[in-house]
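The chain contents come next:
Protein chains: 4
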Amino acid sequence: MPNADDHDLRHAVLRANRMIPEAGLAALTWGNVSGVDRAAGIYLIKPSGVAYPELTADLLVPVDLETGRVVSGRLKPSVDSETHRAFYLRWPEIGGITHTHSTHAVAFAQARRDVPVLGTTHADTFSGPVRVTRDLTPAECERDYEFNTARAVIELIGDDALATPAALAAHHGPFTWARDAVKSVETAIVCEAVAEMALKTLALNPAASAPQWLLDRHFTRKHGAGAYYGNDLGAATGA
Amino acid sequence: MPNADDHDLRHAVLRANRMIPEAGLAALTWGNVSGVDRAAGIYLIKPSGVAYPELTADLLVPVDLETGRVVSGRLKPSVDSETHRAFYLRWPEIGGITHTHSTHAVAFAQARRDVPVLGTTHADTFSGPVRVTRDLTPAECERDYEFNTARAVIELIGDDALATPAALAAHHGPFTWARDAVKSVETAIVCEAVAEMALKTLALNPAASAPQWLLDRHFTRKHGAGAYYGNDLGAATGA
Amino acid sequence: MPNADDHDLRHAVLRANRMIPEAGLAALTWGNVSGVDRAAGIYLIKPSGVAYPELTADLLVPVDLETGRVVSGRLKPSVDSETHRAFYLRWPEIGGITHTHSTHAVAFAQARRDVPVLGTTHADTFSGPVRVTRDLTPAECERDYEFNTARAVIELIGDDALATPAALAAHHGPFTWARDAVKSVETAIVCEAVAEMALKTLALNPAASAPQWLLDRHFTRKHGAGAYYGNDLGAATGA
Amino acid sequence: MPNADDHDLRHAVLRANRMIPEAGLAALTWGNVSGVDRAAGIYLIKPSGVAYPELTADLLVPVDLETGRVVSGRLKPSVDSETHRAFYLRWPEIGGITHTHSTHAVAFAQARRDVPVLGTTHADTFSGPVRVTRDLTPAECERDYEFNTARAVIELIGDDALATPAALAAHHGPFTWARDAVKSVETAIVCEAVAEMALKTLALNPAASAPQWLLDRHFTRKHGAGAYYGNDLGAATGA
Numbered sequence: 001m002p003n004a005d006d007h008d009l010r011h012a013v014l015r016a017n018r019m020i021p022e023a024g025l026a027a028l029t030w031g032n033v034s035g036v037d038r039a040a041g042i043y044l045i046k047p048s049g050v051a052y053p054e055l056t057a058d059l060l061v062p063v064d065l066e067t068g069r070v071v072s073g074r075l076k077p078s079v080d081s082e083t084h085r086a087f088y089l090r091w092p093e094i095g096g097i098t099h100t101h102s103t104h105a106v107a108f109a110q111a112r113r114d115v116p117v118l119g120t121t122h123a124d125t126f127s128g129p130v131r132v133t134r135d136l137t138p139a140e141c142e143r144d145y146e147f148n149t150a151r152a153v154i155e156l157i158g159d160d161a162l163a164t165p166a167a168l169a170a171h172h173g174p175f176t177w178a179r180d181a182v183k184s185v186e187t188a189i190v191c192e193a194v195a196e197m198a199l200k201t202l203a204l205n206p207a208a209s210a211p212q213w214l215l216d217r218h219f220t221r222k223h224g225a226g227a228y229y230g231n232d233l234g235a236a237t238g239a
Numbered sequence: 001m002p003n004a005d006d007h008d009l010r011h012a013v014l015r016a017n018r019m020i021p022e023a024g025l026a027a028l029t030w031g032n033v034s035g036v037d038r039a040a041g042i043y044l045i046k047p048s049g050v051a052y053p054e055l056t057a058d059l060l061v062p063v064d065l066e067t068g069r070v071v072s073g074r075l076k077p078s079v080d081s082e083t084h085r086a087f088y089l090r091w092p093e094i095g096g097i098t099h100t101h102s103t104h105a106v107a108f109a110q111a112r113r114d115v116p117v118l119g120t121t122h123a124d125t126f127s128g129p130v131r132v133t134r135d136l137t138p139a140e141c142e143r144d145y146e147f148n149t150a151r152a153v154i155e156l157i158g159d160d161a162l163a164t165p166a167a168l169a170a171h172h173g174p175f176t177w178a179r180d181a182v183k184s185v186e187t188a189i190v191c192e193a194v195a196e197m198a199l200k201t202l203a204l205n206p207a208a209s210a211p212q213w214l215l216d217r218h219f220t221r222k223h224g225a226g227a228y229y230g231n232d233l234g235a236a237t238g239a
Numbered sequence: 001m002p003n004a005d006d007h008d009l010r011h012a013v014l015r016a017n018r019m020i021p022e023a024g025l026a027a028l029t030w031g032n033v034s035g036v037d038r039a040a041g042i043y044l045i046k047p048s049g050v051a052y053p054e055l056t057a058d059l060l061v062p063v064d065l066e067t068g069r070v071v072s073g074r075l076k077p078s079v080d081s082e083t084h085r086a087f088y089l090r091w092p093e094i095g096g097i098t099h100t101h102s103t104h105a106v107a108f109a110q111a112r113r114d115v116p117v118l119g120t121t122h123a124d125t126f127s128g129p130v131r132v133t134r135d136l137t138p139a140e141c142e143r144d145y146e147f148n149t150a151r152a153v154i155e156l157i158g159d160d161a162l163a164t165p166a167a168l169a170a171h172h173g174p175f176t177w178a179r180d181a182v183k184s185v186e187t188a189i190v191c192e193a194v195a196e197m198a199l200k201t202l203a204l205n206p207a208a209s210a211p212q213w214l215l216d217r218h219f220t221r222k223h224g225a226g227a228y229y230g231n232d233l234g235a236a237t238g239a
Numbered sequence: 001m002p003n004a005d006d007h008d009l010r011h012a013v014l015r016a017n018r019m020i021p022e023a024g025l026a027a028l029t030w031g032n033v034s035g036v037d038r039a040a041g042i043y044l045i046k047p048s049g050v051a052y053p054e055l056t057a058d059l060l061v062p063v064d065l066e067t068g069r070v071v072s073g074r075l076k077p078s079v080d081s082e083t084h085r086a087f088y089l090r091w092p093e094i095g096g097i098t099h100t101h102s103t104h105a106v107a108f109a110q111a112r113r114d115v116p117v118l119g120t121t122h123a124d125t126f127s128g129p130v131r132v133t134r135d136l137t138p139a140e141c142e143r144d145y146e147f148n149t150a151r152a153v154i155e156l157i158g159d160d161a162l163a164t165p166a167a168l169a170a171h172h173g174p175f176t177w178a179r180d181a182v183k184s185v186e187t188a189i190v191c192e193a194v195a196e197m198a199l200k201t202l203a204l205n206p207a208a209s210a211p212q213w214l215l216d217r218h219f220t221r222k223h224g225a226g227a228y229y230g231n232d233l234g235a236a237t238g239a
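Protein chains in written order, with the UniProt record's numbering: chain A, 1 to 239; chain B, 1 to 239; chain C, 1 to 239; chain D, 1 to 239.
Calculated from the structure, these hints are not laboratory results. Quick caveat, the model's predicted, so the values are computed rather than measured. Honestly, I wouldn't trust all of these hints.
Copies of the same chain look alike in the list, so a pair counts if it works inside one copy or between any two.
Calculated lysine to any residue pairs in the SDA-like style (CA-CA distance at most 20 Å, straight line) [claimed, not checked]: (1) K222 x G49; (2) K76 x D64; (3) K222 x N205; (4) K183 x R74; (5) K76 x D144; (6) K76 x N231.
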């Protein structure tokens, strides 16, 4: 990885991985985040089985986007590396991917229920439900399991990866993606929060739903040409 | 904002906003608190989309109470600014407003169920249920959405804003208000706590209710002419 | 409070009160702990409405055990002071009392369901269910409300206060007691933990129960003549 | 304990015990971890009733594996010491044992329901459900209670202790074991996490289950001859 951007990407991916335990999205060594350098054709991903407190920028594993092979170093990438690679190949607009085992998102994945759109917290980030994949077949589990996991997600999502940048691998857990690694973890935080809210909403009202015009309003407050949410702190406060 | 009180108000509103993540009432940039200077005709509110750790007193946005226009600076106020403004205009006795996406209050808002008065924790702060608004119409969502959100709350609350200083915007989340900004966040903490207690109470006993005479006793321990709760630390310990 | 033990009691009661927010048993100013000096005929209790971070040993309020009057200082005691006083008068073997608004214990109090004995965590501390009082009458709420709250608890508990040192005031929350103030907070921690476990057990199995011989075994491991739990660290490691 | 390994084992067992409160697996003095020195025929275990903040390496109690007698010092071992001893005697491949009162695992134990295998988080660590023991008889509770608790667990587990290294003592709580003390606490963390996920999954879908071929795939990613999870940081980064 000789290019000049490598230092920045390493630190962004390290920071993104550290957000996983800080946000309570996974215990022990669970979960992983990657970030891609499209120009170099390489993504950096958490090494397999390393505890978060021991993770350093140097330990992140560079993987070749085309071949899936480790570019340098002696560490193996996360076992989910091929899932990340398949997403990067399919969706050129994404720059970072997060996988967690956050409790409520996993509960929906294990129950094989989509996280329904029940309110504005959900609609602020996702244009529709956070859906659960179909079960993989025995053959898909037997061979290229991790790549096939990505295929089942891609079947659900289609072309517009950033409209609803999350899905639940059935019986497994959430994958989220975004323009960069840190944003993909923020999306994982939202995914867990709306899953928890949905589970508790359904306990109070199993028939809960929300009017589409309200959801559309919230999604378009934050996304698209008419968005009016947010500030550019640098531009606003800069000299 | 040239008046002498500005410095104190800025720091109170900053402190109030920081209480949101400290109390676990919202993730990422969610939620917002404002405080009003009635004499100056201005309220200070969190800027849109700024993360709490990056928030400083200088970044708070001054908004004109009559026009809703930003008085100074380059930052946009919270997208919910017009909801705050409508509350300040309607209720002259309030000095601070808080909006959060706290989990259990959102669950009731998404379920479109009022938080019922099931015990003294609730009655110590709220004279009745924390109610959910009606759904907004498509037209109300299309135009002046945030102002219309406030109107639906005001329809529920009427004149006596401090009797039950909270409401749930349907499918959205809680708004709370009080005599000042910090107290409005404390009310948001109570709102979330009683929503969690209510959800768990209803799981144990779907028909739970509480005798009105007990609730009245607790509300009047803390509020009105006969209140006997609390101390004035300054008066009690001062020289 | 001129006697020599006052300094130690003040610091024990301060430490006990600080355990309330540390253990997550109450938000804001909720909850209160007291400790009694039987020789002096005085108990020290948290002042009304003071936030835990502002509480100091000097601010604790000394109350006369016979009359309920404040012995010195300008602060009012907790509004629940008369409940504490009634317990001290009824049970000479207790030295400390804790009241909290912990979430799951309150849920049982609001649901008017006893916390059943479903396992050894419960039986290690309590010889039977943590019971909910009857509702107070309008007259009992109207006059001497806090003293009457204690009376309803005493009706449930009878003579042996330390066999099951906790009860839930209906629609209100838990009171616990012990030989000293710190131990009464530890009992409040157990009360909340077993309430949470019970709520979740009942969600999995509404008919859950436990064999009496197992519960007896656990209670007697820790209590009574045959107890074999625990160490006296001072004796065991001292010179 | 004169052998050279004693210092390392003491510090590993101390660290393992401290992980209990850090991971939120038990309150107050609840829970205990031990680690064994097979060559010396001794295991070190938490002393009975000592709070975690007061625990030091010196206070850990050495117990003779054959006789169950304390080898040195004046402190009594955990009341559950005989349960640990029975496991060490039965399974020569294990090196550490953890007992906790973690909330969700206890809920399953109290409900007398096995924690079912509903997803990959579970299958990554456990080859099958985390099962609940039968109830002990009155005679088994009356005499050698703690040893009999182990016998009921051993009946469930059989020879292959490391295939599913956890069980729930009915109405009591989880025991987990592993090749060493720290790993046994990590297994207790997984046990609690999958119990919480299972409880919430069952709330969303009481009939939830997972395809066996997916579970097998995950278990074998981490265990056995074909495992490809994890890195040896020392080997990978060492000189």
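Hint check:
1. K222 x G49: between (37 Å within a copy, 10 Å between copies)
2. K76 x D64: within (13 Å within a copy, 42 Å between copies)
3. K222 x N205: Result: close neither inside a copy nor across copies, 28 Å intra and 33 Å inter.
4. K183 x R74: neither (28 Å within a copy, 25 Å between copies)
5. K76 x D144: within (16 Å within a copy, 49 Å between copies)
6. K76 x N231: between (40 Å within a copy, 6 Å between copies)
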